[in-house]
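For reference, the chains in residue letters:
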Amino acid sequence: MNAPSQSDPRLEQAAVTDESLLAAHEKVLGRRPDDQGHYRLLPLNLLFVFAGLIFFSGTYLNLYSGHFNPAIYNEHAKPHTGAAEAVAVDPVALGKKIFTGTCQTCHQITGLGLPGAIPPLAGSEWVMGPEERVIRAVMYGVQGAIKVKGADFSSAMPPNGKVPGSGFNLSDDKIAAVLTYVRQEWGNTGGPITTEQVAAIHAKEGEHKQWTSEELLKIQ
Amino acid sequence: MRNAPLFFLGLFVALTLSWAGTVLFADHQLGALAPYIDDSDPVNPSYPPQQPGIAARGQLVYADLGCASCHTQAVRRPDFGSDQARGWGDRQSVARDYIYQTRVQLGAERLGPDLTNLAGRKPSALDASNLMKLLYAGQGAMPAYKFLFDERAIVGEPADSRLMLVGRLAPAAGREIVPTERARSLVAFLLSLNNTFEYPEARPVAPEAPKKEEGKK
Amino acid sequence: MSPAPANAEVTAVDTTGRWPLLLLLVSAIKWLVLSGVLALIASIQLIQPSFLADCVVFTHGRTVALTETAFIYGWGANAGLAIALWVLGRLGGAPLRALNWAVVGTIFWNLSVLLGLVGIATGDATGVGLLQMPRYVQPVMLVAYGAIGVAGVLAWLGRRHECTFAAQWYAVAALFLFPWIFSAAQVTLFWLPVRGVLQAVAGGWFAQGAWTLWLAPLGLAGAYFVVPKVTGRTLPSYDFAPHAFWCLLVLGAVTGGRHLIGGPVPAWIASLAIVACSLLLFHYFVVFINLRGAFGAGGTALKLVAFGLGAYVLGGLVDAITAFRGVALVTQFTHVDTAQEQLALYGGFSMMIFGAIYYAVPRLTGQSWASAALVRGHAMLAMLGVTALVVSLTVAGWIQGHELLDAKVTFADIASHTRFWLLLAVAAQAVLLLGNLLLLVNFCWSACRACCPAEPADSVAFRQPAAMEAPAS
Chain F
248 MNAPSQSDPR
258 LEQAAVTDES
268 LLAAHEKVLG
278 RRPDDQGHYR
288 LLPLNLLFVF
298 AGLIFFSGTY
308 LNLYSGHFNP
318 AIYNEHAKPH
328 TGAAEAVAVD
338 PVALGKKIFT
348 GTCQTCHQIT
358 GLGLPGAIPP
368 LAGSEWVMGP
378 EERVIRAVMY
388 GVQGAIKVKG
398 ADFSSAMPPN
408 GKVPGSGFNL
418 SDDKIAAVLT
428 YVRQEWGNTG
438 GPITTEQVAA
448 IHAKEGEHKQ
458 WTSEELLKIQ
Chain L
3 MRNAPLFFLG
13 LFVALTLSWA
23 GTVLFADHQL
33 GALAPYIDDS
43 DPVNPSYPPQ
53 QPGIAARGQL
63 VYADLGCASC
73 HTQAVRRPDF
83 GSDQARGWGD
93 RQSVARDYIY
103 QTRVQLGAER
113 LGPDLTNLAG
123 RKPSALDASN
133 LMKLLYAGQG
143 AMPAYKFLFD
153 ERAIVGEPAD
163 SRLMLVGRLA
173 PAAGREIVPT
183 ERARSLVAFL
193 LSLNNTFEYP
203 EARPVAPEAP
213 KKEEGKK
Chain Y
9 MSPAPANAEV
19 TAVDTTGRWP
29 LLLLLVSAIK
39 WLVLSGVLAL
49 IASIQLIQPS
59 FLADCVVFTH
69 GRTVALTETA
79 FIYGWGANAG
89 LAIALWVLGR
99 LGGAPLRALN
109 WAVVGTIFWN
119 LSVLLGLVGI
129 ATGDATGVGL
139 LQMPRYVQPV
149 MLVAYGAIGV
159 AGVLAWLGRR
169 HECTFAAQWY
179 AVAALFLFPW
189 IFSAAQVTLF
199 WLPVRGVLQA
209 VAGGWFAQGA
219 WTLWLAPLGL
229 AGAYFVVPKV
239 TGRTLPSYDF
249 APHAFWCLLV
259 LGAVTGGRHL
269 IGGPVPAWIA
279 SLAIVACSLL
289 LFHYFVVFIN
299 LRGAFGAGGT
309 ALKLVAFGLG
319 AYVLGGLVDA
329 ITAFRGVALV
339 TQFTHVDTAQ
349 EQLALYGGFS
359 MMIFGAIYYA
369 VPRLTGQSWA
379 SAALVRGHAM
389 LAMLGVTALV
399 VSLTVAGWIQ
409 GHELLDAKVT
419 FADIASHTRF
429 WLLLAVAAQA
439 VLLLGNLLLL
449 VNFCWSACRA
459 CCPAEPADSV
469 AFRQPAAMEA
479 PAS
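For the record, the sequence lines run as chains F, L and Y. One gets this note's numbering by counting positions in the first sequence from 1 and adding 247 to each. One gets this note's numbering by counting positions in the second sequence from 1 and adding 2 to each. One gets this note's numbering by counting positions in the third sequence from 1 and adding 8 to each.
Derived by calculation from the structure, the hints in this document are not laboratory data. It cannot be assumed that every hint is accurate.
[Said to hold, decoys possible] Derived lysine-lysine pairs resembling DSSO-like cross-links, with alpha carbons at most 27 Å apart:
hint: 1; chain 1: L; residue 1: K124; chain 2: Y; residue 2: K416
hint: 2; chain 1: F; residue 1: K344; chain 2: L; residue 2: K124
hint: 3; chain 1: F; residue 1: K344; chain 2: F; residue 2: K396
hint: 4; chain 1: F; residue 1: K274; chain 2: F; residue 2: K343
hint: 5; chain 1: F; residue 1: K343; chain 2: L; residue 2: K135
hint: 6; chain 1: Y; residue 1: K416; chain 2: L; residue 2: K135
hint: 7; chain 1: F; residue 1: K396; chain 2: F; residue 2: K343
hint: 8; chain 1: F; residue 1: K344; chain 2: F; residue 2: K409
hint: 9; chain 1: F; residue 1: K465; chain 2: F; residue 2: K396
hint: 10; chain 1: F; residue 1: K409; chain 2: F; residue 2: K456
hint: 11; chain 1: L; residue 1: K135; chain 2: L; residue 2: K124
hint: 12; chain 1: F; residue 1: K274; chain 2: F; residue 2: K344
Isolated chain F (complex conformation):
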């Protein structure tokens, strides 16, 4: 063995030749456990380390890989369900979004409408009135004169639901959501409206044309 002596930084001396380096290491690689079958302690420890790492990795992947599902972004989604348990949509939030996209142009973000042209929703007796009427009005639209909060309006409300002539094709759950939103916004106090209520009316009326306010008032 050739321990390096005091070396000059300008030249790091080599202690061994290339050939002997290759040969000595090749001999190590060819080595087997000795005659009594003993392994050296360190390699055995290394095996334990590696086995431990593999065990840990398997467990981690099992718990936090979302079952390799492309739709799971949160590693805490329950692996056994195989899909993220999505929170139910808040109808008010959904309704607000639909209102912004569909209703706001006419009824305004304040819900006050345009005096003389578009009826207000804030404080409107129609909005907070019977569900039977307001669902029909939103789904099928209203034509002809209508009296809201003591003022007369005549502009037509277009159909919004999935009915003939509708420009928006809102599904029943979205009608329910937007009504729920409108009935609690701007100080309104109407209760929430469920998808089932909307679906029932949709099934009952089928392909009804736009309503008039007189027809609606007959419905209790």
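Given the structure of chain F, go ahead and fit chains L and Y onto it with the hints provided.
What follows is chains L and Y alone, placed relative to chain F:
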């Protein structure tokens, strides 16, 4: 390792495995990701909207200026960082948000705010003139990118696109500052950054114990 | 000029490979100094954003991209290839062949790096990390790389000795794999781009692959050669070296998703990368045990290798820790990421390569380095600079990460709280630049002395190495 062909084969297989395991499998899952169709929305029936051509060019400007070295474009979920509390977005970014982007720039460092939802922030979304002024004048740690603008003499009527600057930034009388084509593309790209849509996979996972809340009621 | 014929330490490999390999090395060191200047500008911009901001060439994003490109493709590629070719030649026992190709390849490689840097500066950067060069230079680089690498592959295939050594495995793996990673990344990102976030996935795969399958093996090739050569001892637990090698090769690029934690990709992509980072600990552990003889022995070259080894292993450990989601929550998107990159690229790779250069150049030139003071000075400044850089960026990033978590802290506050540490990082970059200038001077001086036919009087003589004792079994 003495057998050279076998050694090279081993190297190649090792590389291919990592390629297949990360890129290829991900591509198999997400490569054909379709936009989300919401048939009830009259304005934008399909999310995300297509990237306009000028925004696609702007994304390349964003890439070559290296904006991604200070700004990220990915909002994380609410319990993972303060992204949503800082108002950068209302939901976590998901793969579907990026399907139309030409050169995705998720970014590696946050020396400035996240830009995922720059145009959709409420109520403080910036408009084109805000962004132009920000690029021209800089703000805080954001340096001024004056080379994205031309200063020139007003000939005839002032240009519609000129920057309305006041104070010490204002150009001399008879001159105006107008954005270059690159600045216009960049701003168009920034204004296309909007993720105010809902996707089923972007909804938060149900919290662990809803029972406690019921108990309180 | 020529050493004594009895001297087995300077072989035909060194004399025939002298000029091609010195050409690679001088290109490498030139790019290292340039990247140091750019890194200094980029780090000043972190504390003074308006610095050079009006100049379109030096936006912060571009200085970062230029620094990274000059460092990886200028310094890393040239120096790593030189060391890999040299190690393969020495251990193969036959003079290197196809060196004309290597010279032509070196010239074209460096011209394309130059063109790439000009392209980035003038607005053709791609915006993809570690692959910022415009796509028009990339095919040329691929061909040039092949021309250089062919000498290494021929040295491996035509080796005189039947047996092989770990340094050779790492060198061959790096030479062989880079063109595959590089071309696969180019195709999926630029020629036939994949959709959406898959670009980020492919980019991550390339970035991690370029580090674990290319640069790290190049550095390890140097370290695995220099350590036993200088200490004269068989590597402890060398029988585990093949496992460590294949562990790195199989798992290295699987860590591709490690920067996408919490990002817009399915959870499994990050989880797979986290697991791969943990499993790689086995590799780092074995490398540490194999090469632990480097610590506390030998001269400057071995000290640099030892520092590099320490940084490499520490980098692997830190990588495994920060990959976990709870830690990544703080460190993600902060200076800690940069610190980690510097720890790996500068502390690990470059230091091992510095050590190998200090060992190899005297053999290539046939005489010792020109100045001992410059060697010592560079080693000291490099170690000091890397330590200061990594520590300051880590602290700055840790502060930044914690404050980012609090939605009430503004970016201006974060900037003022990290200012001191970023100033320290600027100082560290200046120290590194100074150290690398010393290396450049010393290298050019030594190479010039090799040109002169007269043997300088102050040259240190090569000692005849002994045979390595076989380990007792």
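Hint-by-hint comparison with the structure:
At roughly 18 Å between alpha-carbon atoms, K124/L and K416/Y fall within 27 Å of each other, so this suggested pair holds. Of the supplied pair hints, the one linking K344/F and K124/L holds, its CA atoms being roughly 13 Å apart against a limit of 27 Å. This hinted pair checks out: K344/F and K396/F have alpha carbons roughly 26 Å apart, not beyond 27 Å. Among the hinted pairs, K274/F with K343/F is inconsistent with the structure: their alpha-carbon atoms are about 76 Å apart, more than 27 Å.
Taking the CA atoms of K343/F and K135/L, the gap is about 32 Å. The hint is violated against a cut of 27 Å. As the CA atoms of K416/Y and K135/L are separated by approximately 25 Å, the hinted pair is consistent with the 27 Å bound. Restraint check: the Cα-Cα separation between K396/F and K343/F comes to about 23 Å, which is no more than 27 Å; the hinted pair holds. For the hint linking K344/F to K409/F, the alpha-carbon distance of about 18 Å falls within 27 Å, and the restraint holds.
About 18 Å separates the Cα atoms of K465/F and K396/F, which keeps this hinted pair within 27 Å; it holds. Taken as a hint, the K409/F and K456/F pair is honoured in the structure, with Cα atoms around 12 Å apart against an allowance of 27 Å. A distance of roughly 20 Å separates the Cα atoms of K135/L and K124/L; the hinted pair therefore holds under the 27 Å criterion. A threshold of 27 Å between alpha carbons decides the hint, and for K274/F with K344/F the separation of about 74 Å lies outside it, so the pair is violated.
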